[in-house]
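Q: Go ahead and model the full structure; you've got the sequences and the hints to work with.
Chains as they are written, first to last, in this note's numbering: chain A, 47 to 195; chain B, 3 to 447.
It is possible that some hints are incorrect.
Derived, one-sided and incomplete: chain B residues facing chain A with beta-carbon distance under 8 Å [as the list claims (entries may be wrong)]:
1. E42
2. I45
3. D105
4. P107
5. K108
6. N235
7. V236
8. Q237
9. E238
10. G240
11. E291
12. P323
13. R324
14. V325
15. R326
Think of the hints as simulated: they come from the structure by calculation, not from any bench.
Ideal Cβ positions, reconstructed from N, Cα and C, are used throughout, including at glycine.
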Amino acid sequence: MAETVRDAGLARSGVARHPLSSILLPVPIICFVGVLITDLTYDGSGGNLQWVNFSSWLIAAGLVFAGIVILLMLIDLIRLPQLRSGDGWAAFALLIAAWVVELINSFVHARDGWTAVVPLGLALSAIGALQILIYGWLWHESRYEGERP
Amino acid sequence: MIRLLSILASVASLAGCGNPQPIDPSQQVGPNPVLPKPAEELIAAVGVPKIVGWKEGEAPVVPRGFRIQPMATGLSNPRRVYVLPNGDVLVVESQRVGREPVDRPKDPIRDFIMSLAHGGGGATETQGPAGAPPQRITLLRDSDGDGKPELKTTLLDHLNSPFGVVLVGNDLYVADTDALLRFPFTPGQTKITTPGQKVIDLPGGLIDHHWTKDLTASPDGSRLYVGVGSNSNVQERGAEAETNRAAIWEVDPKTGAYRIYASGLRNPNGLTFYPGSNTLWAVVNERDELGPNLVPDYMTSVRPGAFYGWPYSYYGQHVDPRVRPHRPDMVAKAIPADYALSSHVAALGLTFYTGASFPGLFRGGAFVGEHGSWNRTQPNGYRIVFIRFSGGKPVGEPHNFVAGFLDEDGNARGRPVGVAVDRTGALIIADDVGNTVWRVSYTGR
Numbered sequence: 047m048a049e050t051v052r053d054a055g056l057a058r059s060g061v062a063r064h065p066l067s068s069i070l071l072p073v074p075i076i077c078f079v080g081v082l083i084t085d086l087t088y089d090g091s092g093g094n095l096q097w098v099n100f101s102s103w104l105i106a107a108g109l110v111f112a113g114i115v116i117l118l119m120l121i122d123l124i125r126l127p128q129l130r131s132g133d134g135w136a137a138f139a140l141l142i143a144a145w146v147v148e149l150i151n152s153f154v155h156a157r158d159g160w161t162a163v164v165p166l167g168l169a170l171s172a173i174g175a176l177q178i179l180i181y182g183w184l185w186h187e188s189r190y191e192g193e194r195p
Numbered sequence: 003m004i005r006l007l008s009i010l011a012s013v014a015s016l017a018g019c020g021n022p023q024p025i026d027p028s029q030q031v032g033p034n035p036v037l038p039k040p041a042e043e044l045i046a047a048v049g050v051p052k053i054v055g056w057k058e059g060e061a062p063v064v065p066r067g068f069r070i071q072p073m074a075t076g077l078s079n080p081r082r083v084y085v086l087p088n089g090d091v092l093v094v095e096s097q098r099v100g101r102e103p104v105d106r107p108k109d110p111i112r113d114f115i116m117s118l119a120h121g122g123g124g125a126t127e128t129q130g131p132a133g134a135p136p137q138r139i140t141l142l143r144d145s146d147g148d149g150k151p152e153l154k155t156t157l158l159d160h161l162n163s164p165f166g167v168v169l170v171g172n173d174l175y176v177a178d179t180d181a182l183l184r185f186p187f188t189p190g191q192t193k194i195t196t197p198g199q200k201v202i203d204l205p206g207g208l209i210d211h212h213w214t215k216d217l218t219a220s221p222d223g224s225r226l227y228v229g230v231g232s233n234s235n236v237q238e239r240g241a242e243a244e245t246n247r248a249a250i251w252e253v254d255p256k257t258g259a260y261r262i263y264a265s266g267l268r269n270p271n272g273l274t275f276y277p278g279s280n281t282l283w284a285v286v287n288e289r290d291e292l293g294p295n296l297v298p299d300y301m302t303s304v305r306p307g308a309f310y311g312w313p314y315s316y317y318g319q320h321v322d323p324r325v326r327p328h329r330p331d332m333v334a335k336a337i338p339a340d341y342a343l344s345s346h347v348a349a350l351g352l353t354f355y356t357g358a359s360f361p362g363l364f365r366g367g368a369f370v371g372e373h374g375s376w377n378r379t380q381p382n383g384y385r386i387v388f389i390r391f392s393g394g395k396p397v398g399e400p401h402n403f404v405a406g407f408l409d410e411d412g413n414a415r416g417r418p419v420g421v422a423v424d425r426t427g428a429l430i431i432a433d434d435v436g437n438t439v440w441r442v443s444y445t446g447r
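A: Structure (structure tokens):
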């Protein structure tokens, strides 16, 4: 698979020829989908506070890694014209939108207790999870256009 | 569907600007404060004044006919003042040690704001010679009553974040943040070297969010009362962390036995028996982050066995939307306080006027030290208010008695905490970030 990508001439922002963006790209997806799961669990638990703590850290980690991925994506978009497709730009826009939604979500999750999650935090987590999943889909779409078996 | 509507409503409230609770703090004083709807902001409003201290010749402002003088300066976080029967004034110099454990990314940010509010913020003047902040009780002796002590000496040192202090007979009780201690003491003594004897452990621990343990004794001296504040704003550290907290303890000093005297009091301080009565009074700091005008702090007589709502409800049975699981059984028990002091003023000191040198209307009234707000952009508090009493009950509105703790630019020159009445009838004020003890006397001019 990696060979295929290299063959397609897709140099990527990386260290020692390692594709950093491919390593980091899934991290915000995992974090922001994770928040939705821990928020739903909090709601279901009737207020077990450890789930708010989980959510808060997942949002914080997701924001940090999404921030790094935004930078790497920007570099890739500038360097590689073939990524500048409709899917590529849509993915980039969705990633930024997810970052903004989760930033607001981090403020909501800083509240003390139930209203940190229900209803607004949970709603934002659902929106953020959806955005980040579609972003992942589209980014792969643009990157591996015509390369899939 | 209802859920969807409530989501839409909260998104709409995010977009809203301006003060969500447009009422004046003066509508939130007395027995029936106006209580707006909770308005949780997207980012909790923070207004912590920069600490600039008192310049030479500067002092708080008092009404005409009164005079204010520094009684002691260069102290280290004086928080509580206590007058002994022979007129000596004890000053408790203290601060919290260590940081609260981090549960959420929010916690270190909140800690930083609190350290600014308490004059920490890395300020070096609070450091003792060994690098650790002093935790001691200083004795001031002003034998001729002119407000200028002839003697300033360390009575007791190396305590553990002490706050409350009370003398019963020849026993001086000190409430450290984690233990109630007893020291043999004869009034007139200027140094205590004998080690304290522990009467009872108090809830300290790693979090110890509200760490000040205030202390008083029943008029007959047979029981002690300890204020134990909550371990969180509104139980966000979990219910287990609040065991026996947000309560006033009644302790038998002979046996160390204790019971919860009253509960649901988020952070009770200023414990004082009304003169000539068996009624305990306290000032209580209510919860934050429900908007600039919720929840009013209050002064109240403390009914034995009563529950005052925290964390489930405020001001009687107004349910706090943040606390789960719901406890309708507890909310049903909650009673409102006697007298609201308006929101976020951070009332920490209370004393009743038992002197004779102030005009008659002051007799039996209450002085309240308001350390000042952090959770609203417009500061509230930062003053000493006076509340007149009639028949043992507060009447009318609070009057600003000592002001000027904030300068014209909104910086803090000082912040008042504990208050007491000295032997001459003057009012003594502990000013923690100003590192000063002030004395207000009546001149009639």
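Q: Does each hint hold? Answer for all of them.
A: Do the hints match the structure? See the list:
1. Annotation: E42(B) was flagged as interfacial toward chain A, and the flag holds, the nearest CB pair being 6 Å apart, inside 8 Å.
2. At its closest, the beta carbon of I45(B) sits 5 Å from a beta carbon of chain A; the interface hint therefore holds under the 8 Å criterion.
3. Interface restraint check for D105(B): the shortest CB-CB distance to chain A comes to about 5 Å, inside 8 Å, so the restraint holds.
4. Below 8 Å, beta-carbon pairs count as interface contacts, and P107(B) has one with chain A at about 4 Å; its hint therefore holds.
5. The beta carbon of K108(B) comes within 4 Å of a beta carbon in chain A, closer than 8 Å, and the hint placing it at the interface holds.
6. With a least beta-carbon distance of about 5 Å to chain A, the hint placing N235(B) at the interface is held under the 8 Å criterion.
7. Hint on V236(B) holds. Least Cβ distance to chain A is approximately 5 Å, under the 8 Å limit.
8. Annotation: Q237(B) was flagged as interfacial toward chain A, and the flag holds, the nearest CB pair being 7 Å apart, inside 8 Å.
9. Taken as an interface hint, E238(B) checks out: its beta carbon lies about 4 Å from the nearest beta carbon of chain A, inside 8 Å.
10. For G240(B), the shortest C-beta to C-beta distance to chain A is roughly 5 Å, which falls under 8 Å, so the interface hint holds.
11. Here the hint on E291(B) is kept, as its CB sits about 6 Å from the closest CB of chain A, short of 8 Å.
12. At its closest, the beta carbon of P323(B) sits 6 Å from a beta carbon of chain A; the interface hint therefore holds under the 8 Å criterion.
13. Because the beta carbon of R324(B) sits about 3 Å from the nearest beta carbon in chain A, less than 8 Å, this interface hint is met.
14. Because the smallest distance between the Cβ of V325(B) and any Cβ of chain A comes to about 6 Å, under 8 Å, the interface hint for this residue holds.
15. For R326(B), the shortest C-beta to C-beta distance to chain A is roughly 3 Å, which falls under 8 Å, so the interface hint holds.
When each numbered hint is compared with the structure, no violation occurs for any of them.
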